[in-house]
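Protein chains in written order, with numbering that gives the first Met the number 0: chain B, 0 to 138; chain H, 0 to 138; chain P, 0 to 138; chain W, 0 to 138.
Hint data in this document are derived by calculation from the structure and do not stem from the laboratory. Predicted model only: the values in this text are computed from it and were never measured. Honestly, I wouldn't trust all of these hints.
Derived SDA-like pairs (lysine to any residue); straight-line CA-CA distance at most 20 Å [stated by the list, open to error]: (1) B/K65 <-> B/A12; (2) P/K120 <-> W/F94; (3) B/K65 <-> H/P118; (4) W/K64 <-> P/I52; (5) H/K64 <-> B/V56; (6) W/K45 <-> W/T103; (7) W/K45 <-> B/Q16; (8) H/K64 <-> B/I111; (9) W/K116 <-> P/G18; (10) P/K65 <-> W/K64.
DEER-style ranges, computed between Cβ atoms [to be verified]: (11) P/E96 <-> B/K45: 36 to 46 Å; (12) B/S113 <-> P/I2: 35 to 45 Å; (13) W/S84 <-> H/E80: 51 to 61 Å; (14) B/M0 <-> W/D49: 44 to 54 Å; (15) W/Q97 <-> B/S113: 41 to 51 Å; (16) W/P118 <-> B/E76: 38 to 48 Å; (17) B/E107 <-> H/M0: 20 to 30 Å; (18) B/S127 <-> P/D49: 54 to 64 Å; (19) P/E99 <-> B/E76: 24 to 34 Å; (20) B/S113 <-> H/Q97: 37 to 47 Å; (21) W/Q4 <-> B/M0: 16 to 26 Å; (22) B/E107 <-> W/K120: 34 to 44 Å; (23) H/R115 <-> W/K45: 37 to 47 Å; (24) H/F133 <-> B/G41: 37 to 47 Å.
Backbone N, C-alpha and C fix where the C-beta goes; we use that ideal spot for every residue, glycine too.
Residue strings, one per chain:
Protein chains: 4
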Amino acid sequence: MFIYQTLVRVRYAETDQMGFVYYGHYATYFEVARVEAMRALGISYKSLEDSGIQMPVTDFHIRYKKPGRYDELLRIETRIEEIPSLRIRFNYTTFNEQEELLNTAETELVFIDSSRKRPVKAPETLLSALVPFFHPNGI
Amino acid sequence: MFIYQTLVRVRYAETDQMGFVYYGHYATYFEVARVEAMRALGISYKSLEDSGIQMPVTDFHIRYKKPGRYDELLRIETRIEEIPSLRIRFNYTTFNEQEELLNTAETELVFIDSSRKRPVKAPETLLSALVPFFHPNGI
Amino acid sequence: MFIYQTLVRVRYAETDQMGFVYYGHYATYFEVARVEAMRALGISYKSLEDSGIQMPVTDFHIRYKKPGRYDELLRIETRIEEIPSLRIRFNYTTFNEQEELLNTAETELVFIDSSRKRPVKAPETLLSALVPFFHPNGI
Amino acid sequence: MFIYQTLVRVRYAETDQMGFVYYGHYATYFEVARVEAMRALGISYKSLEDSGIQMPVTDFHIRYKKPGRYDELLRIETRIEEIPSLRIRFNYTTFNEQEELLNTAETELVFIDSSRKRPVKAPETLLSALVPFFHPNGI
Numbered sequence: 000m001f002i003y004q005t006l007v008r009v010r011y012a013e014t015d016q017m018g019f020v021y022y023g024h025y026a027t028y029f030e031v032a033r034v035e036a037m038r039a040l041g042i043s044y045k046s047l048e049d050s051g052i053q054m055p056v057t058d059f060h061i062r063y064k065k066p067g068r069y070d071e072l073l074r075i076e077t078r079i080e081e082i083p084s085l086r087i088r089f090n091y092t093t094f095n096e097q098e099e100l101l102n103t104a105e106t107e108l109v110f111i112d113s114s115r116k117r118p119v120k121a122p123e124t125l126l127s128a129l130v131p132f133f134h135p136n137g138i
Numbered sequence: 000m001f002i003y004q005t006l007v008r009v010r011y012a013e014t015d016q017m018g019f020v021y022y023g024h025y026a027t028y029f030e031v032a033r034v035e036a037m038r039a040l041g042i043s044y045k046s047l048e049d050s051g052i053q054m055p056v057t058d059f060h061i062r063y064k065k066p067g068r069y070d071e072l073l074r075i076e077t078r079i080e081e082i083p084s085l086r087i088r089f090n091y092t093t094f095n096e097q098e099e100l101l102n103t104a105e106t107e108l109v110f111i112d113s114s115r116k117r118p119v120k121a122p123e124t125l126l127s128a129l130v131p132f133f134h135p136n137g138i
Numbered sequence: 000m001f002i003y004q005t006l007v008r009v010r011y012a013e014t015d016q017m018g019f020v021y022y023g024h025y026a027t028y029f030e031v032a033r034v035e036a037m038r039a040l041g042i043s044y045k046s047l048e049d050s051g052i053q054m055p056v057t058d059f060h061i062r063y064k065k066p067g068r069y070d071e072l073l074r075i076e077t078r079i080e081e082i083p084s085l086r087i088r089f090n091y092t093t094f095n096e097q098e099e100l101l102n103t104a105e106t107e108l109v110f111i112d113s114s115r116k117r118p119v120k121a122p123e124t125l126l127s128a129l130v131p132f133f134h135p136n137g138i
Numbered sequence: 000m001f002i003y004q005t006l007v008r009v010r011y012a013e014t015d016q017m018g019f020v021y022y023g024h025y026a027t028y029f030e031v032a033r034v035e036a037m038r039a040l041g042i043s044y045k046s047l048e049d050s051g052i053q054m055p056v057t058d059f060h061i062r063y064k065k066p067g068r069y070d071e072l073l074r075i076e077t078r079i080e081e082i083p084s085l086r087i088r089f090n091y092t093t094f095n096e097q098e099e100l101l102n103t104a105e106t107e108l109v110f111i112d113s114s115r116k117r118p119v120k121a122p123e124t125l126l127s128a129l130v131p132f133f134h135p136n137g138i
């Protein structure tokens, strides 16, 4: 399993009149979280896209436990729990500064060859960066 | 079952560099869809909030089939499939102008007494507006 | 002068924890307003872009008088006060349902040939649609 | 004069189908920039608001020179060029990673007593934090 922590500061623009982070903005926070998780693996999503691979989201599910609030530095734990093939799943757990659980979520993304508009397998660079986290004993 | 159709025009602000509606914006479209569905039932969400009832989202799940695109007039079908009690579920199906299915989604919301910050039952005005759609034969 | 009225309903997503429309969202409302103003002239911005003309904003200025609020149906008056050439200016005045003035604003946009990435003159279709509003006496 | 630098990473959510940062999102970036500038002065905007002072924006003007792009780490230089009284002005200059000038902008904000909904003078804590930057010789 690959785990990565990302900190995201809540912007005023992202609050709503309940005084909470609007429920739709977590999609953006998770975009930041998975892009930073991939960067930590040595994979720039921008470079991936420039090389002709796009990764649209095909499924997003979030369960809200507590609201995020303005100016909080949220901690998002991002996990890749299985080696991707045609699809990649990211699991997210969001905590506030008091380490209270705010929500849990998952996204599923596919790999698309942007010139042929067709699904393709996960790029080799991503797979080889992930392998060490799934075979920790080198077996 | 209560069903309502809402049209939402895709704004340039809501597209991303793939040329698609960014996956997080559907949360906002579904907010519009359920608020308009409630308005059609005679319930203003704004009045509900002014009267002390807030409805935060506790669960959101969306499965993306095809992307929405700039300037399309999306048609969102919103359904309330069961009489709410402590929670209310809305189901959504989004179509583009060619009547292609873009996605299906659900949200679950709770009713909160905003002064006491406690869950409460669905307000009577909402329940009585919904009842005719669930007992169509008057039985 | 060409004048057009657009109605925009404030979404919950667009409020902030002050209970007001976040100041940055008016840029999106004005995008909606000018696109609808152009559509009323028979010009689809989407078609314009598909035909190779992009219109990025080069200047945006807004003076806020009163805040917009959730669920209000804002009325935006959009004006084109002079025939465009290399640039087009839109002037906006926003009112709430009580006809209170919320803000006044202007945007300046240029016409870009998207293949050559070069500024070009306003397209003929736009100019000929605008002319009648600037020579009302047919002179 | 008080000057502060803030880095903001462009999110995919903030791009549009031109492949650029949507023009309205700079309002949010400048919110981040001025809040971080104030934090560097020892002033938390959140604490200010909790203590009963709100700072709505009354004027925003931006001149776009070049577009921002996905994943760029934008550098925003924020300047307070004069001691605030009833109003505070922030000036912003945005650069990309190649140190190209993307835009220049200003915002004007007022101080509001949130219980009485009345304008008030800049809080003493802010003034005393700013004074050293305007009288560098201690005269």
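Discussion item. Hint compliance check: list the failing hint numbers for this structure, sorted ascending.
Written reply: 2, 6, 10, 14, 15, 18, 19, 20, 21, 22, 23 and 24
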